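Could you build the full structure based on these sequences and the hints that come with them?
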Amino acid sequence: MLALAILLQTFVGLPRQVQRSMAFLPGDWDQAVVADTKGSNDFRIGVWDVWLHQYFPQNAFWGRGFGLKPYEIMAVLPYTTNSGEFAEYSRDEAFVVSGNLHNGFYSIIDRFGVVGLIFFLSWTFFVLKRLFQYLRKSREGPLDPSLQWLAIYIMTFTLCYLPGALRFENFLPAHLMLVAAFFAIYKQRKTSAETAETVCPEPADKAPVLARGHRSDPVTL
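Take the sequence shown: its position 58, counted from the start at 1, is 57 in numbering that gives the first Met the number 0, and no numbers get skipped.
Among the clues, some could well be false.
Ranges of calculated distance between the beta carbons of each label pair, as one might list FRET restraints [to be verified]:
#	residue 1	residue 2	range
1	Gln-187	Asp-48	26 to 32 Å
2	Gln-187	Gln-132	16 to 22 Å
3	Met-176	Gly-64	21 to 27 Å
4	Asp-41	Arg-135	40 to 46 Å
5	Lys-128	Gly-163	45 to 51 Å
6	Lys-37	Lys-189	41 to 47 Å
7	Phe-42	Phe-65	20 to 26 Å
Rather than coming from a laboratory, the hints here were simulated on the basis of the structure. For clarity, every value in this text was computed on a predicted model and none was experimentally measured. Each residue gets a CB set at the ideal place from its N, CA and C atoms; glycine is no exception.
Quick look at the structure:
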């Protein structure tokens, strides 16, 4: 796919939004896109360097938590309002103070420290494992588009967050809501199937068969 995209750019041309996500690869990219990509990478590296050397060592274990002190709010404000009156921090340090690290792993550590990172990765492993098990078993059971879509979306959303730019406090509520919705719907589906089986038990030799040849038993984790 990457090779095809590079060939299309060479002979046809791709939209700048597409080039922006691939400009790190060799190719005949728009120079404005290349310059924008380099500027973005330099900005991220600058922010990470400030955080790693000035903030992480003092807060490695438990993190810095949430919220800003009054003087920190005033110091960060200029980089939102374009007013330099209270510019006490450099641009890169202002982003660090506000918790806008543009990296999922760093954002978790910054908020909750290494301890929080361990808990989060353990939770993530548990959730992704259960979702993967469901998707694998759902291939042999009845189709349930809502659950299957939720499982795929949660896995993609979670894995893309870790190297992405979203703050942890913006990611976590949506993540927990989606996971809770998945398991609530799954539990409801399972309870309904068990109730139906108890009220109207069906002989094994008369169980409905799906078009692809599988029985319509509820998928269990």
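List, from low to high, the hint numbers that the structure doesn't satisfy. 1, 5 and 6
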